[in-house]
Structures are given as C-alpha cells and as structure tokens.
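Could you put together the complete structure from these sequences and hints?
Here is what each chain is made of, one letter per residue.
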Amino acid sequence: MTLPATTPTLLFAGADWDFETLQHTQSAIEDIALNDLKLDVYPNQIEIISSEQMLDAYSSHGMPLMYDHWSFGKHFARDQTLYQKGYTGLAYEIVINSNPCIAYLMEENTMTMQALVMAHASYGHNHFFKNNYLFRQWTDAEGILPYLDFAKKYIAKCEDEYGFEEVEKILDSAHALMDQGVFRYNRPPRLSDADRLAKLAARAKHEHETFNDLWRTLPNVDEPDDEAEVRQAEVKDIKLPEENLLYFIEKASPALRPWQRELVRIVRNIAQYFYPQKQTKVMNEGCATFVHHYIMNKLYERGQIGEGAIMEFLHSHSSVVFQPDFDDPRYSGINPYALGFAMMEDIKRICEAPKEEDREWFPDIAGNADWRMVLKDAWENYRDESFILQYLSPNIMRRMRMFALNDDAKATHMDVTAIHDDRGFACVRETLAAMYDLGKHEPNIQVRAADLEGDRTLKLRLESYAGRKLDPKTKEAVVTHARRLWGHEVTLDEPGA
Amino acid sequence: MNPSHFIDRRKNPKGKSLGNRQRFLKRARAQIKDAVNKSLRDRSLKELDKGEKITIPSKSTAEPRFRLNPESGHREHVHPGNKEFDQGDKIKKPPKGAGRGKGKEASDSGDGEDSFQFTLTQEEFLDIFFEDLELPNLVKRSLKEITSQQYKRAGVTVSGSPTNMNLIRTMRNAHGRRLALRRPSTKEMNELKARLFKLERVAQPGEEEIAERKALIAKLEEMEARRRWAPFIDPLDVRYNAFEPTPVETTAAVMFCLMDVSGSMGEREKDLAKRFYMLLFLFLKRRYERVEVVFIRHTHHAEEVDEETFFYSRQSGGTVVSTALDKMLEIQKDRFPAHDWNIYVAQASDGFTQSGDAKRCVEILDQDVMPISQYYAYIEILDERELEVFADADSGAELWRAYRTFAPKWTHFAQTRIARPQDIFPVFRELFSKSAKEAA
Chain A
1 MTLPATTPTL LFAGADWDFE TLQHTQSAIE DIALNDLKLD VYPNQIEIIS
51 SEQMLDAYSS HGMPLMYDHW SFGKHFARDQ TLYQKGYTGL AYEIVINSNP
101 CIAYLMEENT MTMQALVMAH ASYGHNHFFK NNYLFRQWTD AEGILPYLDF
151 AKKYIAKCED EYGFEEVEKI LDSAHALMDQ GVFRYNRPPR LSDADRLAKL
201 AARAKHEHET FNDLWRTLPN VDEPDDEAEV RQAEVKDIKL PEENLLYFIE
251 KASPALRPWQ RELVRIVRNI AQYFYPQKQT KVMNEGCATF VHHYIMNKLY
301 ERGQIGEGAI MEFLHSHSSV VFQPDFDDPR YSGINPYALG FAMMEDIKRI
351 CEAPKEEDRE WFPDIAGNAD WRMVLKDAWE NYRDESFILQ YLSPNIMRRM
401 RMFALNDDAK ATHMDVTAIH DDRGFACVRE TLAAMYDLGK HEPNIQVRAA
451 DLEGDRTLKL RLESYAGRKL DPKTKEAVVT HARRLWGHEV TLDEPGA
Chain B
1 MNPSHFIDRR KNPKGKSLGN RQRFLKRARA QIKDAVNKSL RDRSLKELDK
51 GEKITIPSKS TAEPRFRLNP ESGHREHVHP GNKEFDQGDK IKKPPKGAGR
101 GKGKEASDSG DGEDSFQFTL TQEEFLDIFF EDLELPNLVK RSLKEITSQQ
151 YKRAGVTVSG SPTNMNLIRT MRNAHGRRLA LRRPSTKEMN ELKARLFKLE
201 RVAQPGEEEI AERKALIAKL EEMEARRRWA PFIDPLDVRY NAFEPTPVET
251 TAAVMFCLMD VSGSMGEREK DLAKRFYMLL FLFLKRRYER VEVVFIRHTH
301 HAEEVDEETF FYSRQSGGTV VSTALDKMLE IQKDRFPAHD WNIYVAQASD
351 GFTQSGDAKR CVEILDQDVM PISQYYAYIE ILDERELEVF ADADSGAELW
401 RAYRTFAPKW THFAQTRIAR PQDIFPVFRE LFSKSAKEAA
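First to last, the protein sequences are chains A and B.
For the record, in the first sequence the residue sitting at position 91 is 91 according to this note's numbering, with numbers rising by one throughout.
For the record, in the second sequence the residue sitting at position 74 is 74 according to this note's numbering, with numbers rising by one throughout.
Don't read these hints as lab results, they were simulated from the structure.
A virtual CB, placed ideally from N, CA and C, is assigned to each residue, including glycine.
Warning: the hint list may mix true and false statements.
Unchecked claim - FRET-style restraints, in silico, Cβ to Cβ:
hint, chain 1, residue 1, chain 2, residue 2, range
1, A, Glu108, B, Leu216, 55 to 61 Å
2, A, Arg398, B, His74, 23 to 29 Å
3, A, Asp149, B, Asp271, 55 to 61 Å
4, B, Ala215, A, Gly14, 53 to 59 Å
5, A, Lys410, B, Glu123, 50 to 56 Å
6, A, Asp327, B, Glu123, 46 to 52 Å
7, A, Asp149, B, Glu123, 55 to 61 Å
8, B, Leu216, A, Arg302, 44 to 50 Å
9, A, Ser27, B, Glu208, 42 to 48 Å
Here it is in structure tokens:
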C-alpha cells in the first residue's frame, strides 16, 4: 500500500477556508506568480466581503468609495432584486486598479474558489493593471482612492452649500455625457494634483469670507479674476474640433460656476479612469484567466492542491471560458474570457510547438523559447483591437469556427464576407479586431464650434462611421443635458441627416 | 517579503448603499406611488406587511446616453460557431422584433429597457402607502400623553436577581479582594504539591528532605486554610446591574372593532371588514407607540371576543346594533379613560338592524361616543348588486340613512360602502387623505 506522496503538502482540503489557509495559499500562489511567471504586481490588499457588500460594490462601479447619487441607488435596487429572485449570481470577485491593488473575495466562495480568485484577480488583473500601457499612461493607480475621497467630500460639501437638487442636476447632466468625456488620443493630466487641491481649498475659503448673497444672482462672479484668466487661456488652447465634450464644457461653458465646473471635472476624471478597462476587456480577462489557469495547474502539479480541488477548479474554469455558438439561445456575443484565454494559450503553444502555418503567420514568435516574455510583451503593449489584429491565429479562428458578416441596415440580407478558411482568415481577423475599436462603436461626437462672443451656441457634430446614425430615442434627452451644462443653445448635426 | 495582506470586511457596517437608495426612491417618488397604489388593488392584507416587487416606467429615472442606432448604416461583425456558411452566402435577416437576431449586438447593461423593476422593503412600502394619509384629530389628543414605566439602567447594586449579575464588576471585585487577602493561587498550590510528590517518591529520604517535606505539608495546610476563608468569589463581591423604572410618555390609542356577526354577514362580508380593520390597525401603529385593539361582535347582544372568534366563528340571532355601542362604551369607561387614550372606532355592518334601533344608535353616537372618540368610521358592506341599487349616497339601508342624517354634525365621523376587495384601499385612502379632510 502506498500513500500519495503529495498528501502532506496539500495547502487545504475541503471547502472551508480560514484566514490562515488563505495566507498559506496566497503565498504559494505568489511563489508561482512571481518566480515562475515572473509577474510584476502592485502589493495586494485582499478583502473578504459578504454578498450584500458585493451588491454595494456593484452599484458604485466596484469602487470602495464613491460620491452619492441616486443612479447608484437605482443600480443597487435592480441588482438586489435580480440577485434575490435568483436571476443572476454575483461575481466571485471584484478587483480595483489601485495601488495597493484591492481585490474583494466573496465569503461564500469555497477554498478552491478563493485560490482561483486570488490567482485571477490579485495576480492576473493586478499584473495587467500595473503593466499595460493604457493603464500606465491614462490612469493613476496611486491617486485614484485619494481622488475619490476628495470627490465624495467635495460633492457632499456642495450639497450642503448649494442644495441637493442643484448638485443632482449637474451630476445628471454630466453623467449623460460621460461617454463623451474622455480623451482618446492625447494623454490626460494627472488626477491628484496637490497644488490644485490646495488652490481649491483656498478658493473655498475666499468664497466663504467674501460671501455676499446679492452677488449670487450674477453669473460667474464668484470666480476670481486670475482663475478666470487661466481658464480663458486654457479655452484658447483647445483646438477645435475637440472630442472631449465634458472637458470643453468644463473649461468653456459660459454658464457654469466654479463648483459646477469642479463637479463636471470629477465625472470626467472618473470616466477617463474607466476608459482603459473598456478597451481591454478581452486582454484583461484573458490575462487573468491565463494566469489563474497556469497557477492552479502548477499548484496541482506541485502536489499543493488535491484531486478534488483541481476538479472543482476545472469545472468553474470551463464555465468561465464557455463560448456558446451564434445560434445558441445563450449566445450574447463573444465571451471576452473565452477569446482572451484561447488566444493567450495559443501564443504559448506557438512559442513552444509551432506548426508550419504558425511559422508563416507569426515568424517572429514561432518557436521562441520564452513564451513568458512574449505574453508579457503582449500584455504590456496592446489593447483589444491591436492585440487581436496582431495575435489572432488561424488555429483559433478555425477552432471557434468564426465567420464574418456584413450587415447593411437597408438590405434584407446579410452577407457572409469571410469564414475560417485560408481565403478568409485575414478578413475575419480584421473584422473582429474592428469590433473592439471603441472609436467605431461608440458615438464619436465632436465640438465643431462655440460662438463664445456671439449668441454662444455650441455646435456639436457626429463623426459618422459607416453611415451610422444616433439613436433618436436618447439623442434629444442627452442634448437637453448638454444644454443645461452649456447654458445656451446646443446643436448636434449628423452627416446626411 | 510578503506585501499582501488580508482584511475581513464582513463586519463592516451594512447598508452602504442605503443613502443612494433613498435618493433613488425620492427621485422616482411619483412613479413609485402609482405603482404601489396599483399593486395594492389585488393584494391581500396578509401580504401587506411584506416587501413588494414593483415595476415603474424607467422614464423618470432614465440615464440617457448617446447611442448609435442599430438600424442605421452598415456594420460588420464576427460570430463563432459556423456550421454551414461559406463565403458569399446570403442570410435572410430575422424579422424585426423576432427575438434576438444574429445581427443584434448585446446591449449595454439593460439601458434599452422600458420599465424598471425592483423590490421595496416593507417599511418603504408602508411609508409610501400611508404617505399622504393623516389621522384626523390627532393633535388634540396626542398632547395628552400617557405615562408608562420603562426600565432604564441605573448603575450597579449589591442585590438583585442572578440573571442581572454584572460579571465584570463581580470578577474585578473578587480579584481585588483575593489579592488583598493574599489568597494562594491554584498555580502556587500545584507547584508545591508537585514538589511534595517528588519528595515523597524519594525511596530513602535524607534528613534535609524529611524536613522540607514537613515544612511543605505545613505550608500546604496553611494555604488550604487560607483559601477556605478567602474564597474565590465571596458574596461580598457580587454586583448586579440595577434597573430603575422611569416614567416615559407614550402616545396610546385604542381601536374598537365593532362588527355584526349575525347570519346576514357571511364569510365574504367578514373578510372585507377584516381587511379594513387591519389596514386601520397598521395605520394607527405607525402613528402611536401603543395601540390596543378591542373586538366587539354583536347579534342581538354584544360581547367582547378575541380576534380569532371575532373573524371566524358564527353566531345566530337577531341584529341590534346599539348593543355593540353600549358594550363599547362600557369597556371604554372601564379600561380606556378618554383623557388618556385616543379612541378610534370602526364599525362594519350590512346595514340592517332591528327597526327603531337605528334611531337609538344615532342617539348613543351623538351623545356619548362622538364626543370622546378621535374618529368613527362606519363601513357598510354590500353585495355587488346592491352597490348599483344604492349608487346614490342618500339611499340605503336603515342604518345608513340614519347615520347620514347626523353625519354632517361631526367632522370626524365617516361612513362609506364597500362591495369588493378592490374597494378597500381606495376607500381607506379616501377616508384618511389629507386633502379630503381639509376640504371637509
């Protein structure tokens, strides 16, 4: 009779967990993540939360602190109902792009799930946040939590001072333009500008000392001259057309008072912070899934987790990366986990065991012994669109049996433009990559002109791609919000309309 | 080396989103109220104290964003799971509105929805339901508060019941006393005993060891004695939490439910009456800290009964409504002095009484009942057919007509008719709505 040699070193057995087990397991995971995969991560802060707290986190973009607004309450009410009626489950984890990297783990998870989730969030996502160029350039992991803290307090203070409704109005309108409140091409300034915060505090003090109710009826008189000058200069610097509507409104709106400009800026900064996440869904989830898959298998190989745990892991892993076919009732588009994971596994395969086809398509990485470097380079320097364009292999297209469709709104039929064969690989790849180009799928609305001297009309224009128009259902409502912030007429042209 | 750390957040205060939830409810107030009133129509009272799933039109709380019209321009997309298509194939588009077509993009977090569904808690539900209702005449009587006793913490005492023992104080006292009296600890004793055992095990003890043994035994005996007269806990140490009765002012109301249970009142009639009573009870409970309910049923004689009997047992006999009023006054004089209690009376009947009795009822009401009560509601429960016959407020059964003549004299008297369960909520709202009262 022989006992399995691995038994004594198992990190855990059974479904229950305690903090000691979590700690051991986390150290084992970290060993693989740092020493084997050579990941580079922010320090981890792992928080255990209950399902109710998970719902709380859902409603505020997953952030640990957020300013108060009714829309978060609305999302909470809906999520709670869906959850309580059993229509949806809750995520196993939420992870925040901050330094330290905060990951929320649900208390209901079994120990195997906790291990999976730690590998996924605290090492996979964490590495991606710290290294991907979009996050490095466009977000400030150090500054986000202090900034949100500032935002929450500032908005609460404004509610005290100017009234709850007034603040709500500005936030409602700014939220409506949130998707148009990001810089796509030029890099935004840093968030936690200590100087600016100090200036704000000084201004608030000044306002308070020189408060005179009479002046409140006049527009903009509470903005000190020197600041108005700086702002005017900034407005002059903006070269039209400008893609960031909220930025333009914040700087140039003739109607907003300084605190209102600050609210618009807060909404804009938060939109900008989340923008990279929208552009890297496939890569971010793919990276995290690849990492958890590698680490869990490694733990099993090393005899640190048992048969039961690896079976449980494989069960949840395969449901995470499940991709229904287009004609399946469960189909709702391509699953970013499935695509990202498949592509990254395939990169590893191309490095380790390339076939003739791979050498032809990926001459620079095929047979490269160091797949870790190749993957890390991809995680660092690409976003979804460019990653797919560069790395989607014929192997994957074949396996997922992809086909490309051309859908003209006027036609009664859709054309199959390409399928997964030699003729179609390049076309399928380009089409799929283009689907992840936000510039083509989010309305691109630009400020064309603002008549600041004359009747102050703000002219907006939809930069149309492929003849697509705005949805009339929401267009007028959003323009109304823009008018509220601008204080004067706002027009929105659509080409060909 | 290990920069990671764990934090247990489960103990954090709950309800982080509560503030935002309140904001949301406030924002959608009007729509939620509509939805609540609508949902009440078919609701049984048993469900009234539960939360409620309601659906409101999403317009009031819409968060519009610019979107591209899915029916414009041309798009290209890639899908997985090809079975039979080849390049150049044409696929007929699914007809509009025929479920999820192939060309349909997954919409973002349900922004396209036309209605919004969520669950209200019981508290929120009742708040909204009773929101613009008011108890008439509340102010006058609620100023006269009743005093009752409530026990409040009042330090510690040396006597009391064992359940109130203050363990921390007791143990602290005991500890101090043990130190002061130098009570040998069990640990010390054990050490000495261990030494003694060791000495005893020596096969041939020397003189020195014998001496030590003797000394040890003597010492142990002394310590035992000391421990006996300085016990671990002495009755002197024991302290109790003290509670003192303090008078608190509470507002209290009594609700008299009067109902005719003679043969003419069937299950249906009783059920309707019960719904009304329960609603009134819930409403009173929200306004008064203490609400007593007295059930009086009557045929040709009246008696006070418990709730179960009141609603579910039958009795045969004639119908003399005034007996119930007499009984009510009797109980009121006995147990609920008018200067201490807010008195509410709800009477349900099918409107028939012995001929001549209606007149007597009016007399009792006019002289004795109305002056002391805050509100008197008379609900006449009709057949649906009867409702049509008595569409006019002036025509009706004997009791109705009799009440009708004297009603204008008392502003806090109300009479109304109910024929269907759906009528209950509207009628209730009508009776207690603020605006109706002001208009009256």
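We went through each hint and held it up to the structure:
For the pair Glu108(A) and Leu216(B), the supplied restraint of 55 to 61 Å holds, since their beta-carbon distance comes to about 60 Å. The supplied range of 23 to 29 Å is met by Arg398(A) and His74(B), whose beta-carbon atoms lie about 27 Å from each other. A beta carbon spacing of about 57 Å between Asp149(A) and Asp271(B) agrees with the range 55 to 61 Å that was offered as a hint. Hint check: Ala215(B) to Gly14(A), Cβ distance near 57 Å, so the stated range 53 to 59 Å holds.
Between Lys410(A) and Glu123(B) the CB atoms are about 54 Å apart, so this pair conforms to the stated range of 50 to 56 Å. Taken as a hint, the range 46 to 52 Å holds for the pair Asp327(A) and Glu123(B), whose Cβ atoms sit roughly 47 Å apart. At roughly 31 Å, the beta-carbon separation of Asp149(A) and Glu123(B) lies outside the given 55 to 61 Å, and the hint is violated. Distance hint check for Leu216(B) and Arg302(A): the Cβ-Cβ separation is about 58 Å, which falls outside the suggested range of 44 to 50 Å.
Range check, Ser27(A) to Glu208(B): Cβ separation about 57 Å, and the 42 to 48 Å hint is violated.
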